[in-house]
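Protein chains in written order, with this note's numbering: chain A, 1 to 277; chain B, 1 to 250.
Please note that the accuracy of each hint is not assured.
To be verified - Output of the computed footprint for chain B on chain A, the stretches with three or more beta carbons under 8 Å from beta carbons of chain B:
1) 145 to 154
2) 167 to 181
3) 206 to 213
4) 216 to 224
Keep in mind the hints are simulated off the structure, nothing from the lab. Idealized CB from N, CA, C, for every residue including glycine.
Chain residues, written in single-letter form:
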Amino acid sequence: MIELLQFDFMQRALIAALLVGLAAPAIGTFIVQRRLALLGDGIGHVALTGVALGFLTGTAPVLTAVVVSVLGAVAIELVRARGRTSGDVALALLFYGGIAGGVLLISLAPGGSNATLMSYLFGSISSVTVEDVWVIGLLAVAVLGVVGVFGRELYVLCQDEEVARASGLPVRLLSLLIAVTAALTVVIAMRVVGLLLVSALMVVPVATSQQLARGFRSTMLLSMVFGMIATVGGLTSSFYVEVPPGAIIVIVALAGFVLALGLGRFVRRSRPQESSP
Amino acid sequence: MSGGQVTLDRRPVLRGIDLTIEPGEAVAVLGANGSGKSTLIRALLGLVPLSGGSTLLYGATPARFREWWRIGYVPQRLSVGGGVPTTIREVVASGRIARQRRLRPTGAADRAATARALATVGLAHRASDPVQALSGGQQQRVLIARALAGEPDTYVMDEPTAGVDAASQQLLADTLTALVEQGKTVLLVAHELGPLESLITRAVVLRDGCVCHDGPPPQAVGAHALPGHDHVHPHAEEKPASPLDWRPAS
Numbered sequence: 001m002i003e004l005l006q007f008d009f010m011q012r013a014l015i016a017a018l019l020v021g022l023a024a025p026a027i028g029t030f031i032v033q034r035r036l037a038l039l040g041d042g043i044g045h046v047a048l049t050g051v052a053l054g055f056l057t058g059t060a061p062v063l064t065a066v067v068v069s070v071l072g073a074v075a076i077e078l079v080r081a082r083g084r085t086s087g088d089v090a091l092a093l094l095f096y097g098g099i100a101g102g103v104l105l106i107s108l109a110p111g112g113s114n115a116t117l118m119s120y121l122f123g124s125i126s127s128v129t130v131e132d133v134w135v136i137g138l139l140a141v142a143v144l145g146v147v148g149v150f151g152r153e154l155y156v157l158c159q160d161e162e163v164a165r166a167s168g169l170p171v172r173l174l175s176l177l178i179a180v181t182a183a184l185t186v187v188i189a190m191r192v193v194g195l196l197l198v199s200a201l202m203v204v205p206v207a208t209s210q211q212l213a214r215g216f217r218s219t220m221l222l223s224m225v226f227g228m229i230a231t232v233g234g235l236t237s238s239f240y241v242e243v244p245p246g247a248i249i250v251i252v253a254l255a256g257f258v259l260a261l262g263l264g265r266f267v268r269r270s271r272p273q274e275s276s277p
Numbered sequence: 001m002s003g004g005q006v007t008l009d010r011r012p013v014l015r016g017i018d019l020t021i022e023p024g025e026a027v028a029v030l031g032a033n034g035s036g037k038s039t040l041i042r043a044l045l046g047l048v049p050l051s052g053g054s055t056l057l058y059g060a061t062p063a064r065f066r067e068w069w070r071i072g073y074v075p076q077r078l079s080v081g082g083g084v085p086t087t088i089r090e091v092v093a094s095g096r097i098a099r100q101r102r103l104r105p106t107g108a109a110d111r112a113a114t115a116r117a118l119a120t121v122g123l124a125h126r127a128s129d130p131v132q133a134l135s136g137g138q139q140q141r142v143l144i145a146r147a148l149a150g151e152p153d154t155y156v157m158d159e160p161t162a163g164v165d166a167a168s169q170q171l172l173a174d175t176l177t178a179l180v181e182q183g184k185t186v187l188l189v190a191h192e193l194g195p196l197e198s199l200i201t202r203a204v205v206l207r208d209g210c211v212c213h214d215g216p217p218p219q220a221v222g223a224h225a226l227p228g229h230d231h232v233h234p235h236a237e238e239k240p241a242s243p244l245d246w247r248p249a250s
């Protein structure tokens with residue numbers, strides 16, 4: 001572990017991994033509770049267009065990815081709020097549009113090819129620059145700040161939208177807030193695990209702690225711990241074994257889920273029977 | 001509630017309803033399945049958009065209404081959502097949301113109100129259990145406790161007795177009786193009044209989206225069966241009573 005920290009690129013990568021492991025499950029808990037587990041995937045696809053746009057216009061891909069994925073997230077939320085029946089089809093259309101747009105735009109960019117997109121699709125944490133770390137840090141603070149300030153309201157919203165409205169909460173604003181925060185998280189996690197695996201960090205740690213925790217807050221805190229273990233653990237092992245960090249991070253997270261599944265069943269069985277008539 | 005008037009036009013669910021709930025009343029909305037009971041109370045709160053007419057909460061339209069803490073809404077059932085576990089205390093404490101400022105942390109008053117609400121519904125000893133482990137009747141108690149925690153003036157309840165065991169029904173009746181005695185307003189939707197019958201001061205019976213009775217509640221349990229009983233509760237449209245459709249002796 002000590003020798004890892006001797007490399008600058010590894011230091012940067014570890015900081016990025018830690019921040020992502022912390023932020024993604026925090027907002028992910030609300031997203032899972034809202035039955036929007038695939039929201040992250042949708043935004044990830046759209047973000048690809050943003051990355052390509054960055055290459056095409058010669059601006060930082062992270063910045064254009066933020067702009068485009070926020071716009072995409074708002075679009076998804078508006079579609080969701082309007083008509084629930086065609087919501088999943090509209091989401092699918094956005095998925096395909098995002099990928100196709102990305103591939104199309106990157107081919108127009110000077111010197112760009114699908115290979116350029118690969119590092120964004122599957123992540124390239126070892127190439128994280130100092131600037132990237134700052135951007136990731138700022139976005140992570142923003143995501144955690146949203147959860148800290150609006151957490152109580154988001155909890156009511158994700159529990160029951162009608163009750164939220166009957167409590168006088170700004171339901172539309174909060175829904176947009178969740179979508180935008182998810183978009184920011186996608187962009188942070190893009191460099192670490194890649195756009196195609198972003199959603200895993202928002203969903204898998206939550207699913208893991210769901211097996212063990214009894215409350216909403218404890219689920220969230222536990223999922224943040226699991227998220228950090230997965231990102232840092234995966235990254236560290238990718239340093240010793242020659243494997244792509246993004247993939248190993250997700251595999252570590254999934255292994256944790258399988259473990260928790262068995263452990264959770266054991267814990268529940270040893271607990272006194274809960275349901276009385 | 002000083003003024004709640006709803007007129008719904010061109011909608012098959014509710015077809016032109018005028019209704020005002022006065023403060024301190026205990027009103028039951030009765031009617032067969034599909035008569036628009038739940039839609040009515042949700043429209044009153046502005047949760048369902050009106051296709052015509054208007055609704056006022058304490059004299060303000062739902063969009064302009066700011067004093068949401070005055071209303072405690074109890075939905076038909078607890079929505080478990082995406083399955084993230086949550087404790088009874090967390091759900092009940094969230095009833096304080098309309099009274100809390102965004103940046104102010106949960107205070108002693110919030111915690112005290114939550115504890116009182118939990119004790120009222122007899123769930124204080126299980127406060128850290130996940131709500132997912134509860135039976136339907138107990139989940140209903142959690143929902144009622146959430147409304148109690150907000151300490152509102154008006155309780156709006158959607159079928160609080162549906163699918164709830166006799167003990168929970170009696171507890172609900174006792175709780176509501178105490179609230180009415182404190183001068184709170186209660187508006188609830190019910191299929192059968194059961195033990196709530198004694199506290200209801202006014203019944204509104206819906207049929208095909210229209211009010212077909214508004215006044216004193218239907219007579220005591222036995223009177224339902226009497227010939228010549230003229231209340232307009234649409235028995236004909238209800239499914240026939242099954243052997244399981246029993247009522248606790250009052």
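(Q) At least three residues with a C-beta closer than 8 Å to a C-beta of chain B: is that true for the segment 167 to 181 of chain A? (A) Held - the segment 167 to 181 of chain A has 3 residues with a Cβ nearer than 8 Å to chain B, which meets the minimum of three.
Q.
Is the listed coverage of the segment 206 to 213 of chain A by chain B valid when you require three or more residues with a beta carbon under 8 Å from a beta carbon of that chain?
A. Coverage by chain B holds here, the residue count being 3 at a Cβ distance below 8 Å.
Q: Quick one: see if chain B covers the segment 145 to 154 of chain A, three-plus residues with Cβ-Cβ under 8 Å.
A: holds (count 4)
Q | Residues of the segment 216 to 224 of chain A with Cβ under 8 Å from chain B, three needed, outcome | A | holds (count 3)
In this structure, none of the earlier numbered hints is contradicted; all agree with it.
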